[in-house]
Structure formats: C-alpha cells, structure tokens
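Please model the complete structure; the sequences and the hints are all you need to start from.
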Amino acid sequence: MVMHDRYGYGQLFCFSGLDGETSRNDDFVGMLMEEPITIRFHFDTTVSLYIPLGENAKFNAVTGDILDGDGFFVAFTDRRTIVGKTPVKPTVLTETESKKAQDGNCLSVFTDFGATFYLNVEEKDGYYYFTFSYGVKNTDVWDDGRLTDLREKRLNYFKENKPIIDDERYAKLFTKCLSVNKENVYSPEGKIKCRWTTPDRVPHRFMWIWDSVFHAMAFAEYDMEMAKDSIRAVLGMEREDGFVAHMMGPDGFISEITQPQVLAWGVWHLYKKCPDKSFLAECAPKIDKFLTWTVKNRDKNSNGLLEWFTEPDYTECKCGESGLDNSPRFDFDIEMDAVDFSTYLCNDAYYLSLIYAELGEKEKAEQFMSLHKSVKAKINQRFWSEEDGIYYDALFDGKLTKVATPASFFPMLAGICSKEQAKKMVKVLLDENRFWTKMPVPSMPKDSEFYDIDMWRGCSWLNINYFIILGLRRYGYDSVANELRKRTLDAVLKWYNKTGNVFEFYDADDNICPLNLKRKGEQPAKPDYRKHVHSITDYNWSACFTELLILNVYAYYD
Numbered sequence: 001m002v003m004h005d006r007y008g009y010g011q012l013f014c015f016s017g018l019d020g021e022t023s024r025n026d027d028f029v030g031m032l033m034e035e036p037i038t039i040r041f042h043f044d045t046t047v048s049l050y051i052p053l054g055e056n057a058k059f060n061a062v063t064g065d066i067l068d069g070d071g072f073f074v075a076f077t078d079r080r081t082i083v084g085k086t087p088v089k090p091t092v093l094t095e096t097e098s099k100k101a102q103d104g105n106c107l108s109v110f111t112d113f114g115a116t117f118y119l120n121v122e123e124k125d126g127y128y129y130f131t132f133s134y135g136v137k138n139t140d141v142w143d144d145g146r147l148t149d150l151r152e153k154r155l156n157y158f159k160e161n162k163p164i165i166d167d168e169r170y171a172k173l174f175t176k177c178l179s180v181n182k183e184n185v186y187s188p189e190g191k192i193k194c195r196w197t198t199p200d201r202v203p204h205r206f207m208w209i210w211d212s213v214f215h216a217m218a219f220a221e222y223d224m225e226m227a228k229d230s231i232r233a234v235l236g237m238e239r240e241d242g243f244v245a246h247m248m249g250p251d252g253f254i255s256e257i258t259q260p261q262v263l264a265w266g267v268w269h270l271y272k273k274c275p276d277k278s279f280l281a282e283c284a285p286k287i288d289k290f291l292t293w294t295v296k297n298r299d300k301n302s303n304g305l306l307e308w309f310t311e312p313d314y315t316e317c318k319c320g321e322s323g324l325d326n327s328p329r330f331d332f333d334i335e336m337d338a339v340d341f342s343t344y345l346c347n348d349a350y351y352l353s354l355i356y357a358e359l360g361e362k363e364k365a366e367q368f369m370s371l372h373k374s375v376k377a378k379i380n381q382r383f384w385s386e387e388d389g390i391y392y393d394a395l396f397d398g399k400l401t402k403v404a405t406p407a408s409f410f411p412m413l414a415g416i417c418s419k420e421q422a423k424k425m426v427k428v429l430l431d432e433n434r435f436w437t438k439m440p441v442p443s444m445p446k447d448s449e450f451y452d453i454d455m456w457r458g459c460s461w462l463n464i465n466y467f468i469i470l471g472l473r474r475y476g477y478d479s480v481a482n483e484l485r486k487r488t489l490d491a492v493l494k495w496y497n498k499t500g501n502v503f504e505f506y507d508a509d510d511n512i513c514p515l516n517l518k519r520k521g522e523q524p525a526k527p528d529y530r531k532h533v534h535s536i537t538d539y540n541w542s543a544c545f546t547e548l549l550i551l552n553v554y555a556y557y558d
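Residue numbers (the numbering used here): 1 to 558.
Hint data in this document are derived by calculation from the structure and do not stem from the laboratory. Owing to the predicted nature of the structure, the values given are computational and were not obtained by experimental measurement. Among these hints, one or two may not hold up.
As a list, the in silico SDA-like pairs of lysine to any residue whose alpha-carbon atoms are at most 20 Å apart [claimed, not checked]:
no., residue 1, residue 2
1, 526, 46
2, 159, 221
3, 424, 494
4, 193, 240
5, 273, 554
6, 99, 112
7, 58, 34
8, 58, 99
9, 423, 433
10, 58, 8
11, 100, 114
12, 494, 478
13, 89, 159
14, 296, 256
15, 526, 513
The following label-pair restraints were derived from C-beta to C-beta distances [what the hints assert, rightly or not]:
no., residue 1, residue 2, range
16, 450, 123, 57 to 63 Å
17, 315, 190, 41 to 47 Å
18, 396, 78, 54 to 60 Å
19, 516, 373, 24 to 30 Å
20, 256, 144, 50 to 56 Å
21, 275, 35, 46 to 52 Å
22, 103, 256, 48 to 54 Å
23, 315, 511, 26 to 32 Å
24, 315, 159, 47 to 53 Å
25, 553, 498, 23 to 29 Å
Using N, Cα and C, we set each Cβ at its ideal position, and we do this for glycine too.
Shown next, in the form of structure tokens:
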C-alpha cells in the first residue's frame, strides 16, 4: 500500500480518539521538528523526544501516530505512552532546567512546570527498545512481536479506509489527509458526550461549528458514524435558546459568538450518502432552534438579512464570527448586511426544509422553504451590483460596500442568482488580474489596495474554493469548476511534496511556502508556533476538502 512517507516540520504526532481515550484538557501532543526524529511536545515549555537518526533515515510511513522506517518504529499506544525500536538511543530534551533521575533503565524527568516524563530504554541485539510516557510511569517495553502487531493495526486503518484513487499522483497525499482526519479526533469528554473533531490539536484544540461539518463530510466517505458524531457533538452543545457557539470545549467553555450556518447542509449531505431518518429527526429540532436564534439575534435592522457580530477593537480579528477573521470587509467598523451570512441562512433554510419534508413535517418544511425564498429575493434585491456583475455587502443605508471577496460569489452556491447573473460573475472570477490566480481564489482580489499574503486578506482557502466549485457546477460551468479543482489540488500537492504537510491556507500566486505566509501579522523567518502562529500545519478542513476534491465528491443536491 502506498503511504505518506515524508518526514517534515509541523506534522502532528498524537493518540487519536478513534483508538481510545484522549483528553483535551491534559493532552500529550507532539509536533515533528526538522531533524529526524525530534518530536516536540507542547506544554508551558517544550519537552522533546529526540532520536538522532539523521537526515538519511528512510521512512516508509509517517502518520499522526506512527513513524515507521528501515530499522526503526515509533508509535503511540495510548494517550500517555509512546513505544518504539530504534538503532540509536533515544533521549529527552527540555527547554528549561529540569531534574532528572536514573533508576536502572528508567529515566525520570521532572519539569519546572509540574509535568513528569519517563523514558525506559532496553538495549538488545544492537537496537534500543523504549517506552516514553507522560504523567504515569510506564516501564513496559514492547518486544518485536508486539511492535509488529501494533504497526499492522495502525496501517490497517489506511488499508480499510483508502478508496481507489484514479490519479496515482494523489495516492500518498490522500493517505496523509486520512491521517490528519484521524489525529484530530477526540474521544467523549466532559460536556461533549460523543467523539468530536478539532481543526488542529495544536494550536486550536477546541471544537468549531463549520469545521466540524466539513470534517463530517470527509468522514462520510469512509466512516459514517464518525461523520455523524462530528455533527452530534456540535449540536449537543447548543444552548436552550438555540445559540451554538463558534468555539466549544469539553469543560463547558463556549465562546460568545457563532459561526456560518452550514449544519443543515451538512446533515443533508450525510443523509444522501446514508439514508437514516433517525439522524434527521435527531438533528432537525436543534438546527431549527439555531436558525431561529440567528434570525432573531443577527438582524439589527429587521430587514430579513443578517449582520455578523464584529469586534472593532480587535484589530487582528474583527469578525471571527464570519470565519474570515481579518478580512478587509470588516476594516471600516461600519454595520452592514452581509452577503455571505445571508447566503448561509438561505442555503441552510432550504436544506432544513428538505429535512423536515423527508420527516413528513409539512408545516415545518413550508416554514423554512418560505424563509429560504424570502431571503433569496432580498439578497438579489439588496446585494447585487449590475454594474460590477457581482454581489457586495450593503450598509444599512442601502449603499453597497464595493469590497469584492470570494463571498461575492457565494450566491451561486445557494442557487440565488439567475443564469445571466451567474454568467457575469464567472467573467469576474476568470479575470487573471483579480481572482483567477495560479492558486485561485484569493480571499481578496489581486488588484485590491487591501491585498496581502496574510490569511483572509489575500491567501487562498480550500473551503472557499469548494463552495465556489459547487456554485459553478450548479450553473453548468463544469469546465471552470474542473480547472479550479485542478489548480487547487496542484498547489496542495506541490507543498505537500515539499513539506509533507497540508496547510490552513495557501499563497494565491503559489510562490511562497505556506509556512512563510503571514497570519495576522508578520511571520518570523523560522516558523515556530510558540512565537507566532503561521499557516497551520495538518489542518483538518484542508485535508477534508483535498479528499473530497480528489474523489470528485460534491455536496450539492437540488
């Protein structure tokens, strides 16, 4: 079987909630550093497991929980324990002063931040067999037989879940994406009663609304129960009044803002993959409450269109609620009706109507179809610019902002625009001086005075490209959609081959390595999460959309 085998900085190494108990609040998550094998664990200060194999080490498989190569094997067995076999002796490196005590084969490391680590090493026939544990002393060193069984168990996950890939260029990349999906799963914990997903175990670690839906769509291709859990976990954290926070944790923490309404769309996608009316019945009332809360609490001017909650004083992230944190759309600190927010509502109302119709709840189905039609008409009336051929946000006085972003194309996703409007929008999209870059679609057009290689101020994102591909296909622009798919995958594959990673966002010109792009400010010359968060590595929704694009899976149902 073809496996991801590229060792490189930034790849996560941790125990998955698919294999057993995890703990978000006491997580033992490592990240690969440049020199093989260095696994840096993130605590108040860093602790690293160092196995100096050198740059010539040959890897056969690099996943979120095993490092397998010629003459060595390293793997998680549970959330606190790593076992392995290597030709060189492993050791523990600490960033700050720590007390170390050797007792026979076991080295105990007592850190200045209260955590304790144990490294037990036994030498046999020229190899070092070891167990590295966190918090709980584990001196059980595994022999070759047990290590072989563990290797087969971990690799079987990929054998069982990897489909036939039509284009072999993407074979290793696909297994990498499966690994990213797996490593970012937590087991049930605290307030979250089922397995759940996170965008990244480092640095975010929380559960987020639309991320979870995107993760579910990818899991639906090979693990439907995990896909359902991804959505169940979010809905299980809904407040009594229908509010769903954009960010949630198992300790009961919820943020005070929400996020794009994509839950009904995601649930319907899962249902079309695997018809299960009990799942629809489980989700529908909660999504109903969420959409109702949104309409009630995000329409200050009561015109039937929505406004994002913004934080004018938070310069680096004025609109985290939109998911487009630092977009120039929000630079002006002026209240406005948002074309993307209103489109999400329009789209989710449509799919919630389909869900209710499938459940035989005619009145509810009609209620949300009526909402869909009403919002659709208002979007065309309020946001469309005939002169420019795209949609914009609108100020409360009716004036269009004239700030073009990928959100300007979102009405195609929800079937809001006419064929003539779609034709004009595609013309704008294909302008090489604006949106049709080497790695489309930049989050700001290239000719904008606000364009920058900083996150939502110009970089390209896979979720946005997927939305636009769906819209293009909906209106019959299959050749354009296919080209956007190709350019997207070309960029992802290019930087995967160079670094071994899938990234949070990419350079629209496809020249700059994502590690060196800005993320809410200048990026240090040498990437280091502890100093500044760069384009996040092993980013879950990028892996998900890469899988869906490789498989040509498109979540649009009329």
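Evaluation of the provided hints:
1. 526 to 46: With Cα atoms ~17 Å apart, residue 526 and residue 46 stay inside 20 Å; holds.
2. 159 to 221: Status holds; Cα separation ~14 Å.
3. 424 to 494: violated (32 Å)
4. 193 to 240: holds (17 Å)
5. 273 to 554: holds (11 Å)
6. 99 to 112: Holds - the C-alpha atoms of residue 112 and residue 99 are around 8 Å apart, at most 20 Å.
7. 58 to 34: Since the Cα atoms of residue 58 and residue 34 sit roughly 14 Å apart, the hinted pair holds (cutoff 20 Å).
8. 58 to 99: violated (34 Å)
9. 423 to 433: Holds. Residue 423 to residue 433 sits at ~18 Å (cutoff 20 Å).
10. 58 to 8: Given that 20 Å is the threshold and the Cα spacing comes to 12 Å, the pair holds.
11. 100 to 114: Distance of about 13 Å is within 20 Å: holds.
12. 494 to 478: Between residue 494 and residue 478 the Cα gap is close to 24 Å, so the pair fails against 20 Å, i.e. violated.
13. 89 to 159: violated (32 Å)
14. 296 to 256: holds (16 Å)
15. 526 to 513: holds (12 Å)
16. 450 to 123: 57 to 63 Å: holds (60 Å)
17. 315 to 190: 41 to 47 Å: violated (33 Å)
18. 396 to 78: 54 to 60 Å: Holds - the Cβ-Cβ distance for residue 396 and residue 78, about 55 Å, lies within 54 to 60 Å.
19. 516 to 373: 24 to 30 Å: violated (47 Å)
20. 256 to 144: 50 to 56 Å: holds (53 Å)
21. 275 to 35: 46 to 52 Å: holds (50 Å)
22. 103 to 256: 48 to 54 Å: holds (49 Å)
23. 315 to 511: 26 to 32 Å: holds (27 Å)
24. 315 to 159: 47 to 53 Å: holds (48 Å)
25. 553 to 498: 23 to 29 Å: holds (26 Å)
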